[in-house]
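Q: Chains as they are written, first to last, in the numbering used here: chain A, 50 to 513; chain B, 50 to 513.
Hints listed in this document are in silico derivations from the structure and should not be mistaken for laboratory results. There may be inaccurate statements among the hints.
Any copy will do: because identical chains look the same in the list, a pair fits if it lies in one copy or spans two.
[To be verified] List of simulated lysine-lysine pairs, BS3-like, C-alpha gap at most 30 Å: (1) Lys-212 x Lys-91; (2) Lys-175 x Lys-91; (3) Lys-91 x Lys-259; (4) Lys-124 x Lys-93; (5) Lys-124 x Lys-257; (6) Lys-124 x Lys-91; (7) Lys-507 x Lys-91; (8) Lys-213 x Lys-91.
Number of protein chains: 2
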Amino acid sequence: MLDQSTICAISTSPGVGAIAVIRLSGEKAIEIADAVFRSPVKGKILNRQEANTLHFGQVISGNEIIDEVVVSLFKAPHSFTGEDIVEISCHGSVFIQQRILELLIEKGARMAQPGEFTQRAFLNGKMDLSQAEAVADVIASSNAASHRLAINQMRGGFSNEIKKLRDEMLHFTAMVELELDFSEEEVEFANRTELKKLTERIEILLRKLKDSFQLGNVIKNGIPVAIVGETNVGKSTLLNALLNEDKAIVSEIHGTTRDVIEDVVNIHGTAFRFFDTAGIRETNDHIENLGIERSYSKLDKAKVVLLVVDTQNPYSIVQGRIDKIRERVNDQLLIFVANKIDTGLKETIQELKRSVLNKNEKLVFIAAKDKENLDELIDHMVHAVNLDAASQEDIIVTNARHFEILKNAHGAIRRVLNGLDSGITGDFLAQDIRECMHYLGEITGEISTHEVLGHIFKNFCIGK
Amino acid sequence: MLDQSTICAISTSPGVGAIAVIRLSGEKAIEIADAVFRSPVKGKILNRQEANTLHFGQVISGNEIIDEVVVSLFKAPHSFTGEDIVEISCHGSVFIQQRILELLIEKGARMAQPGEFTQRAFLNGKMDLSQAEAVADVIASSNAASHRLAINQMRGGFSNEIKKLRDEMLHFTAMVELELDFSEEEVEFANRTELKKLTERIEILLRKLKDSFQLGNVIKNGIPVAIVGETNVGKSTLLNALLNEDKAIVSEIHGTTRDVIEDVVNIHGTAFRFFDTAGIRETNDHIENLGIERSYSKLDKAKVVLLVVDTQNPYSIVQGRIDKIRERVNDQLLIFVANKIDTGLKETIQELKRSVLNKNEKLVFIAAKDKENLDELIDHMVHAVNLDAASQEDIIVTNARHFEILKNAHGAIRRVLNGLDSGITGDFLAQDIRECMHYLGEITGEISTHEVLGHIFKNFCIGK
């Protein structure tokens, strides 16, 4: 399975930079590097240098000097891929990067496939499959929360969780399979009550992991926040204030925002995905009605709902809106955003202040136009997420492949539970347990096919 | 003048890549790196490690792991800047790059200005000013020829030439200034005939350098090649064939190409800058006439002129075009490109083959549409340039600042020559020589102002 060829690629971002790094990995990495490298120290060759050292010199092609470079030397197995690695740090001209790459290929290396360095790290046992997958997530992470999850997964947090689960199941299997050896004698080594307790524990663990995907996905892609409310109460203005730019069209005309505008903004290291929605009001405009329907449909997908109300309206109207939205909101955080307090009705504001909030409800007074009191609103939103994120100390699943596998594993363990309830024989139990363990092995890569690996690594960038 | 602060910047190309490199240079570089770095080896700190070594570990902020990284350690004075340098090779997520940069700044580094690492290399005597300038040219070089010039300049080839010139002048000055010391006595230590010979030698050297700028500029920006000829003879088709893409609009309608289309293409490592020009014919179309005028005006700027003629026309017409273009072309290489030989008139082709070529003229038969015989055309073009490039073993000036200074230096040495002819006194001679030496010092940076440095390095990228 292991490809012994020496691979090379530009590992830094494509384009011109001050410096660029070209990576070379494989049995002949150092030999190939020596074929293009000339040290100012006469007779010095990389092959005789110690691991983890840096060497200044030139990359040459015959007598032509391609560049002055610094070479990093890593030796197997103490490298990222577990193979010998040479990294050439050259001037960041695209021309030079290409020339050096051509030279290395001329001397016997071949271009690396996307993710091939990481794939080799996996195949050489430097990391398991879920860790390898996390490398791509680390590179793609664009906010603190998703970055934290990816780093945790890359460092093996998720794998440890899976290993714990498999250990539990191994214990389980041992007991059941012992029974099978003596099946003629109809003994029960595995106490069914104990077995059931253990199965229930495993089922809970698997369910927790599986269910964490929703949160994981949300953290990765941004907490969905719906901004709803009557037309012209300042929803778009609020969105713009939060985004700090003028993405949504703001106007005085009722019903300006027809489309659901989405934007992701990082606040205190967490990504929020805002949905500005069409104003909710009775209208005969067909297109606008469609927009309003979309508003409501988005509500269910939101984790936080901001109901914006205009304090310039009489309290009865505002109260009506609040009651209406309460009907539509389930267990999301519902924040009543009382807008335009600089020009609002005293009575409305006072009544609002007296209103009784349910659990999961917050009330904030702002003036979106002047960005007044936005901090309090942001605090509520971040706080709501942090409550969820308390579970971040547990493992959160962010990878769709893992989620699919966990669903399958959970299905298998559910069958075990049902089997125990209906008193099926040990061999059926054992089969479901083995299936469950098989699935978990697919996550860590203990069980993997060429096809699965190809699918995983093709989405990596070249050079990683 | 030396700024003692520790500077940091992302040195690799901006954007997402497999890895990115963050560079830290200055007295506190290692100390600051230690404040964010945690080694898996307990108690290991970078400050106690040897120079030119690599270290795996984590970048941390408190208990939070920002990334797993490899740190390169360089120690003053044996580094690019001549200061302690730490390079952090991290995962290429923009988020991670930013976080690490923020952390380094939090721990006492400051963001580097554009080119500040190279500026420090200059200020610390690691390279002279013309070498520092070449670093930017190396990074910007996009073809073999400009790359070769930039590498040569970065490695000190140009500086050596300037130093040789200054040595010659020093000898000169010594002789003349000795006279000044004895000016009362009206002796001439410096033999005027010898002085004149020396001055003439210096003048020739300076002129050669100054004149090389045109070629240098051409190599840097591409050899200008004008494609001219009647309408519909296949100029645009030829350009497309050379460019290997469909940039110019090709059609059967006479006069399709009205604008002068420019494109740079690398052929055998040399950049050629092609100008497709409006077809030259009598026309009443005002806009097209403007285009034709531009065609002619571009001729003078070309180093190579390709006159495309259609062999489908009778020889008398073709001969007329050739005579007409001969009038307009001076000492450029003029290549007659006899196109459409697959459908051309036998008689025209035969007569063309019999025609007598002047020095600086070539004749090629092609079928542009089928890309037939393009290689021969390309060979002629490359050969023409290589004749010029024979002088590439000499030093070629590519930098506009150097060119301006060399013009001034040359002016000063010309005044010395005139002074010698008109027999002016030694003190006037000495003044002009000193001026000339002053200029040359500006090239190497022995004489430099804060303003000049600012101007030079502001065009660098950050991180270099």
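Q: For each hint, tell me whether it holds in the structure or not.
A: For each hint, the structure was consulted:
For the homomeric pair Lys-212 and Lys-91, the shortest alpha-carbon distance between copies (27 Å) is at most 30 Å, but the shortest distance inside one copy (52 Å) is not. In this assembly of identical chains, the alpha carbons of Lys-175 and Lys-91 lie at most 30 Å apart only when taken from different copies (21 Å versus 36 Å within one copy). Neither within a single protomer nor between protomers do Lys-91 and Lys-259 lie at most 30 Å apart by alpha-carbon distance, with minima of 60 Å and 36 Å respectively. Taking the shortest alpha-carbon separations for Lys-124 and Lys-93, both the intra-copy value of 18 Å and the inter-copy value of 20 Å come in at or below 30 Å.
In this assembly of identical chains, Lys-124 and Lys-257 lie within 30 Å of each other by CA distance neither inside one copy nor across copies; the values are 41 Å within and 51 Å between. Proximity of Lys-124 and Lys-91 under a CA criterion of 30 Å is satisfied in both settings, with 23 Å inside one chain copy and 22 Å between copies. In this assembly of identical chains, Lys-507 and Lys-91 lie within 30 Å of each other by CA distance neither inside one copy nor across copies; the values are 43 Å within and 37 Å between. Only between protomers do Lys-213 and Lys-91 lie at most 30 Å apart by alpha-carbon distance; the minimum there is 27 Å, versus 55 Å within a single protomer.
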